[in-house]
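A.B. asks: Below, each chain spelled out in residue letters.
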Amino acid sequence: MTDDSGFVADEPPAGVDRPRLDGPEPAKVFGVLFDAYARPLHRYLARRVGQETANDLVSETFLVALRERYQYEPARATVRSWLYGIATNLLRRHVRQEVRGLHAAARAVGTVERHDPGDQSRVVERVDAAVTARRLAGALAALFDGDRDVLLLASWAEMDSVEIAEALGIPVGTVRSRLHRVRRQLQAQLSAPGGHSEPTQARKED
Amino acid sequence: MPEHDNLYRMWPENELDAALAAFRSDVPTDGRALAAARADLMAAVGAPHHERKPMTVTEQSTPTITDPPRTHRTQARRRTRRWLVAAAAAAAVATGALVAPSLPLGGRAPIDSAAAAVLTAAAAKTGTGDPAIQPGQYRYIATHGWSGRGTAGPDGKHIEYLSEGLQELWVPTVWSQQWMKRTSTTGNRTWIAGTEQDAKAVGLPLEGPQQGPAEVAPCGDFNAKDDGREPCVGMPAGWQMPTEEWMAGLPRDPHKLLERLRADAPGADEGNDRGDVELLVYAADALRTGLLPADLRAALYRALALVPSLKVVEHSVNLDGRTGTALGMDTDGERHDILIDPATGEFIGERQVITRTAGAIKPGTTIAYTAVSTSTVNKIGTTPHN
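Residue numbers (this note's numbering), protein chains in the order written: chain A, 1 to 206; chain B, 1001 to 1386.
Calculated directly from the structure, the hints in this document are not laboratory data. It should be emphasised that the depicted structure is a prediction, and the values quoted were computed from it without experimental measurement. Beta carbons: idealized from backbone N, C-alpha and C, even for Gly. Careful, some of the hints might be misleading.
From the derived model, a few chain B residues whose C-beta atoms are all more than 12 Å from chain A [unchecked claim]:
#1 Ser1025
#2 Ala1142
#3 Thr1151
#4 Ala1193
#5 Leu1250
#6 Val1377
#7 Pro1384
Computed footprint of chain A on chain B; a stretch qualifies when at least three of its residues, placed anywhere within it, have a C-beta under 8 Å from a C-beta of chain A [said to hold, decoys possible]:
#8 1164-1178
#9 1201-1208
#10 1338-1347
#11 1356-1362
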């Protein structure tokens, strides 16, 4: 190794989203990968299991990727999908922590108040947002683990069905049907006859 | 609250997306942690064959690669969780909120002698062996799991109920033969915050009775098809999904078994902020399956007797009609208990109890529990009652 300390992220690896990872200069390739994907990956993971665990998971994801680089087949997945697939696998060890966190969020004591002397409509909006977040947390906690993966890869990692299929190693049709089902499920759960008309009200000004 | 009818209105797509987009959108990025991760990566690139890497890493895999042990375990866990293990696992309180572990992972504290005595006595009772089962008969394992479904009302009021799920498993005397599994929701529920009326007012779905299809598979390998595997070949195995082979490979010496449990359960470096509670959770995962042979159950009790933070919480707890001693560990506002019938040494279930007010839930409230019972039947698909 000549450049393991003096690496500079100069150019993306050839093939950009499907680079070869088995070349002679892993330091270069992996440096570029890290700089391109670590930050959004960290954000995704932190939203799921908290920042501390995300710190570890990002590090582990890239170390696993490095170790498994010869198994990466550019034809089968973009490198981003592959990395999120590794991260999703690692995340499974933290499912309990994630679900606990979601339950805790769902039953968090409301810290917001409705009797703010200031702008009343703004306060109501904040209350609604907090309530919505709690309801969403409860709904996310109740999902099957695989469904939650698909939903959050789509929503938070902004992946399309093909990328999610690549990441999880499942057929794209399965991803689509899961996504459809889980969205229906959440919409049904979050919708509230009468009681939850607030999202609409809160948006009337924009 | 505005007036409302019972019209079931779906949330519009864009509002779901907006809610998802807003959820925890304020997570900070830790530049220093990223820099450290990058440095680790670069060091690993330079290192001769990855000796520098943490142990967990060498045991990981990716979705496209054949499975090392750890992947088996995590898959097994995921699968197991697909149904009511939610009960066992879910609900606890730690917010992922990233506090340093409050319990010693190394176990410096003295062993609780009362807990050790209960476990040792249970091990002695258990050690005599499993009830005889004739060729052609099946062991029928019924697992009733109660887990939380909750939400917040528009006024912020916390609403939560426990919904009962039932898993029935028929295990042949020779494991390579056909098993059957049936999961259902009974429609039974108990309210731990708010009322049914509150739930209806905010549109929280109330789970009604629902019978799942009966699945049949040799070796209990119900996921082979999903995994694209031949049944019984390359089966995932672990604490959440014990196979005969995996169990045969576990040490029966209590110290060695505890060591193994510690190695397999997530450690502090894997985001475990609940210390030794995870040991209990893993042990309970395995015990809850009802598949452990007597010698292994006994060894596991003796191993748990060595865990210092495990305490006798309550004698004579009634769980789904059976009475046992609760042994538990407490972290961060929630206690995880296992329940053992001292008369027989049988594992009768587990529960999670809130120990610090959480929303509308008061300390002492059970927020999830699972009760297991095992019997023998003559035919697959039949229950002891029919």
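A.B. asks: For every hint, state whether the structure bears it out.
C.D. replies: Results of checking the hints against the structure:
1. For Ser1025 (chain B), the shortest C-beta to C-beta distance to chain A comes to about 8 Å, within the 12 Å cut-off, and the non-interface label is violated.
2. Consistency note on Ala1142 (chain B): stated as away from chain A, and its beta-carbon is indeed over 12 Å from all of that chain's, at 22 Å minimum.
3. The Cβ of Thr1151 (chain B) does not lie farther than 12 Å from every Cβ of chain A; its closest approach is about 5 Å, which violates its non-interface assignment.
4. Not every CB of chain A lies more than 12 Å from the CB of Ala1193 (chain B), the least distance being 7 Å, so the non-interface label is violated.
5. Taking the minimum C-beta to C-beta distance to chain A, about 20 Å, the non-interface status of Leu1250 (chain B) holds against the 12 Å cut.
6. Non-interface status of Val1377 (chain B) relative to chain A is upheld: no Cβ of that chain comes within 12 Å, the nearest being about 29 Å off.
7. No beta-carbon of chain A is positioned within 12 Å of the beta-carbon of Pro1384 (chain B); the least distance is around 30 Å.
8. Counting residues of the segment 1164-1178 of chain B whose C-beta lies closer than 8 Å to any C-beta of chain A gives 0; at least three are required, and the coverage claim is violated.
9. For a cut-off of 8 Å, the count of residues in the segment 1201-1208 of chain B with a CB near a CB of chain A stands at 5, and the three-residue condition holds.
10. Under a criterion of three residues with beta carbons nearer than 8 Å to beta carbons of chain A, the stated coverage of the segment 1338-1347 of chain B fails, only 0 such residues being counted.
11. Against chain A, the segment 1356-1362 of chain B contributes 4 residues with a C-beta closer than 8 Å to a partner C-beta. That satisfies the three-residue criterion, and the hint holds.
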